[in-house]
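Going down the list, the sequences are from chains A and B.
Residue 199 in my numbering sits at position 199 of the first sequence; the count goes up by one each step and never skips.
Residue 254 in my numbering sits at position 254 of the second sequence; the count goes up by one each step and never skips.
Please note that a few of the clues may not be correct.
Identical chains blur together in the list; that is why a pair holds if it fits in one copy or across any two.
[To be verified] In silico EDC-like links for lysine to aspartate or glutamate, alpha-carbon gap of 20 Å or less: (1) Lys281 x Asp216; (2) Lys281 x Glu221; (3) Lys170 x Asp160; (4) Lys6 x Asp160; (5) Lys16 x Glu43; (6) Lys6 x Glu137; (7) Lys281 x Asp72; (8) Lys21 x Glu31; (9) Lys281 x Asp230; (10) Lys136 x Asp230; (11) Lys16 x Asp28; (12) Lys170 x Glu330; (13) Lys170 x Glu11; (14) Lys170 x Glu298; (15) Lys237 x Asp216; (16) Lys34 x Asp230; (17) Lys321 x Glu125.
Hints are computed from structural coordinates only; laboratory data are not their basis.
There are 2 protein chains.
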Amino acid sequence: MPVRLKDIAAELNLSKMTISKVLRGQTDVSEHTKARVLQRARELNYRPNTTARSLRTGQTFIMGLIVPSMGDSHFGDVAQGVMQSIRSAGYGLVVCPSQDEEELEQQIDLLLSRQVDALLIVSLEESAAFMERLSKEQTTPLIFINRRFAGAAGSFVGIDEEQVGHIACKHLIGLGSKRIAYLRGPHTSIGDLRYAGFRAALSDAGLAFHPELVVDAMGAEGSEYRRGFDGMERLLKGRGRPDGVMAYSDMIAVGTMDASLNHGLRIPESIRFVGSGNDVKVCEMRIPLSSVAIQGHELGQKAGRMALRMAGKSGFKGTRKVLVMPQLVERGIRLRPR
Amino acid sequence: MPVRLKDIAAELNLSKMTISKVLRGQTDVSEHTKARVLQRARELNYRPNTTARSLRTGQTFIMGLIVPSMGDSHFGDVAQGVMQSIRSAGYGLVVCPSQDEEELEQQIDLLLSRQVDALLIVSLEESAAFMERLSKEQTTPLIFINRRFAGAAGSFVGIDEEQVGHIACKHLIGLGSKRIAYLRGPHTSIGDLRYAGFRAALSDAGLAFHPELVVDAMGAEGSEYRRGFDGMERLLKGRGRPDGVMAYSDMIAVGTMDASLNHGLRIPESIRFVGSGNDVKVCEMRIPLSSVAIQGHELGQKAGRMALRMAGKSGFKGTRKVLVMPQLVERGIRLRPR
DNA sequence: TTGAAAGCGCTAACAT
DNA sequence: ATGTTAGCGCTTTCAA
Numbered sequence: 001m002p003v004r005l006k007d008i009a010a011e012l013n014l015s016k017m018t019i020s021k022v023l024r025g026q027t028d029v030s031e032h033t034k035a036r037v038l039q040r041a042r043e044l045n046y047r048p049n050t051t052a053r054s055l056r057t058g059q060t061f062i063m064g065l066i067v068p069s070m071g072d073s074h075f076g077d078v079a080q081g082v083m084q085s086i087r088s089a090g091y092g093l094v095v096c097p098s099q100d101e102e103e104l105e106q107q108i109d110l111l112l113s114r115q116v117d118a119l120l121i122v123s124l125e126e127s128a129a130f131m132e133r134l135s136k137e138q139t140t141p142l143i144f145i146n147r148r149f150a151g152a153a154g155s156f157v158g159i160d161e162e163q164v165g166h167i168a169c170k171h172l173i174g175l176g177s178k179r180i181a182y183l184r185g186p187h188t189s190i191g192d193l194r195y196a197g198f199r200a201a202l203s204d205a206g207l208a209f210h211p212e213l214v215v216d217a218m219g220a221e222g223s224e225y226r227r228g229f230d231g232m233e234r235l236l237k238g239r240g241r242p243d244g245v246m247a248y249s250d251m252i253a254v255g256t257m258d259a260s261l262n263h264g265l266r267i268p269e270s271i272r273f274v275g276s277g278n279d280v281k282v283c284e285m286r287i288p289l290s291s292v293a294i295q296g297h298e299l300g301q302k303a304g305r306m307a308l309r310m311a312g313k314s315g316f317k318g319t320r321k322v323l324v325m326p327q328l329v330e331r332g333i334r335l336r337p338r
Numbered sequence: 001m002p003v004r005l006k007d008i009a010a011e012l013n014l015s016k017m018t019i020s021k022v023l024r025g026q027t028d029v030s031e032h033t034k035a036r037v038l039q040r041a042r043e044l045n046y047r048p049n050t051t052a053r054s055l056r057t058g059q060t061f062i063m064g065l066i067v068p069s070m071g072d073s074h075f076g077d078v079a080q081g082v083m084q085s086i087r088s089a090g091y092g093l094v095v096c097p098s099q100d101e102e103e104l105e106q107q108i109d110l111l112l113s114r115q116v117d118a119l120l121i122v123s124l125e126e127s128a129a130f131m132e133r134l135s136k137e138q139t140t141p142l143i144f145i146n147r148r149f150a151g152a153a154g155s156f157v158g159i160d161e162e163q164v165g166h167i168a169c170k171h172l173i174g175l176g177s178k179r180i181a182y183l184r185g186p187h188t189s190i191g192d193l194r195y196a197g198f199r200a201a202l203s204d205a206g207l208a209f210h211p212e213l214v215v216d217a218m219g220a221e222g223s224e225y226r227r228g229f230d231g232m233e234r235l236l237k238g239r240g241r242p243d244g245v246m247a248y249s250d251m252i253a254v255g256t257m258d259a260s261l262n263h264g265l266r267i268p269e270s271i272r273f274v275g276s277g278n279d280v281k282v283c284e285m286r287i288p289l290s291s292v293a294i295q296g297h298e299l300g301q302k303a304g305r306m307a308l309r310m311a312g313k314s315g316f317k318g319t320r321k322v323l324v325m326p327q328l329v330e331r332g333i334r335l336r337p338r
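Based on the sequences and whatever the hints tell you, model everything.
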């Protein structure tokens with residue numbers, strides 16, 4: 001049986017009220033009893049029953065975070081970031097996977113049932129009628145990460161995806177590339193935004209856009225590496241080969257680099273590469289790969305801070321939108337590992 | 001304000017008891033009222049206050065899982081596995097990162113405070129006085145994953161780490177390798193166990209052990225790839241080069257393969273490789289890499305089932321130890337991607 | 001400085 | 001088939 005306030009009270013011949021006060025740091029208790037209580041509580045290894053406390057106070061000091069899947073390192077970064085910004089305020093975090101959105105509604109119900117003080121949702125898909133209804137009827141603060149739901153009220157923290165494409169492209173242009181290929185991602189809104197950024201960077205620099213240098217690399221078949229490799233081979237067989245390549249993921253970029261080496265190209269003399277995601281393990285393989293970092297950690301931190309503000313009793317009721325800027329991570333380029 | 005039992009009761013002129021019964025599926029209610037209640041509850045979007053329910057029943061239907069870090073895909077797999085096995089029993093899962101054990105105690109306190117019905121702990125380090133104390137005083141079922149704590153009572157689910165080394169080595173032997181190198185991992189108990197398995201497999205097959213073919217590859221400096229690459233170069237410069245290489249991680253193995261190709265060796269004709277971890281993205285790069293899979297998902301499932309048994313009211317009070325067998329994933333070997 | 005009473009929302013165990 | 005009473009462990013409020 002866990003130790004309760006009542007138990008400590010009985011042992012020390014005090015009322016449980018006094019114990020409660022001491023343990024929460026109220027000041028209207030004599031130093032003497034305070035010391036006694038603290039010591040006994042420690043000895044007995046008292047842990048307050050948070051369930052009971054929450055029922056009484058209406059605050060659980062738990063925030064809920066729903067991610068599409070566990071074990072994706074990007075979502076892990078987000079979770080870490082959220083934790084980091086809320087823990088010092090005494091909040092805990094419950095992380096639930098939505099199985100790529102399939103179980104999103106159930107998880108939301110679960111977390112709301114558990115009375116979380118704020119709900120953070122990392123979503124891939126756009127809109128959902130469910131969300132709209134939810135955000136109308138619900139008093140629990142809602143924070144959307146990554147994608148906003150059309151028509152849903154709630155705050156939003158996201159990556160400026162267009163910048164991801166823009167920065168990558170600008171980097172290559174800065175290195176002197178003129179014919180830039182894009183191994184582009186899926187036709188989701190994220191994929192499209194990055195693509196738009198790529199196009200914008202080209203036109204900002206007054207460079208021509210070459211449709212034949214855009215390759216889809218997110219089909220379901222084959223590994224990412226292979227899709228990069230195959231896509232690059234196709235590009236190299238065509239006329240007018242690229243002198244710069246950007247890819248939707250780092251592993252795709254590695255594939256394209258290998259294909260280029262296979263064709264006898266020299267990196268970086270005749271062709272340059274940039275990935276996205278900044279997956280360090282992958283970027284630090286045989287040829288160091290520069291990459292545009294999607295800062296999951298910062299995303300999480302910002303979202304966490306927003307959740308705090310909304311959950312606090314400060315009466316802050318508004319919602320806000322914040323975009324996090326992606327960051328280029330440059331890596332030295334050497335021909336072969338030494 | 002969220003809807004409460006009392007609200008529905010007032011609206012329908014019933015007692016909250018009746019509402020409670022209907023919503024929990026008790027049978028001693030007339031079909032008529034049952035229908036009325038169900039409908040109104042749905043309309044109002046009633047969500048039971050789990051906090052209150054838990055306080056009353058003493059069960060939270062939440063399990064806690066502590067992992068060293070979020071975003072490591074292995075731990076993600078474990079979490080998925082746990083979820084999968086407990087969700088159908090109505091349990092939810094709270095996942096907390098321990099920042100590589102640094103905040104282990106605080107997270108444990110937090111979760112116990114939250115009255116989780118069972119606590120699963122993925123740990124890297126051995127022993128800890130804290131654990132021993134905990135397991136003695138605590139009534140909450142404890143399940144350790146990966147590493148057991150010396151002297152701690154609680155169930156244990158782990159990988160048979162010795163088999164990881166054994167299987168990898170046996171695989172190479174089966175392919176005809178006689179001089180097998182090991183790019184070994186850190187000098188933790190896991191690293192040592194795998195190493196022991198490697199040695200055992202050699203001696204089972206009557207092959208000589210060559211100490212000069214064992215290389216440390218888990219130092220802190222340089223990427224895993226680089227450590228594999230450099231380690232392999234050293235081996236190839238030495239006399240009596242290996243004809244089979246096993247590595248503590250897949251990325252290390254890729255590094256060793258590259259170094260070998262650089263030296264003009266042919267894979268698999270003159271040398272064969274096997275990794276561990278079965279990181280699919282990495283294994284399916286230019287040269288498909290066979291790897292010993294550490295089945296995080298199965299680990300999680302087993303741990304989840306054990307947690308269910310221990311948390312259930314079945315009165316099961318014992319503890320058990322289970323070892324999960326690692327599994328070799330063979331991949332076809334081609335010289336270069338086509 | 002200490003404590004008694006009341007109640008958060010729910011349900012187990014009993015009436016009716 | 002429906003409702004009453006009591007209480008889970010805690011904290012808010014107010015009194016001693």
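message: Let me make sure I understand: some of the numbered hints might not hold for this structure. Which ones are they, in numerical order?
response: 4, 10, 13, 14 and 16
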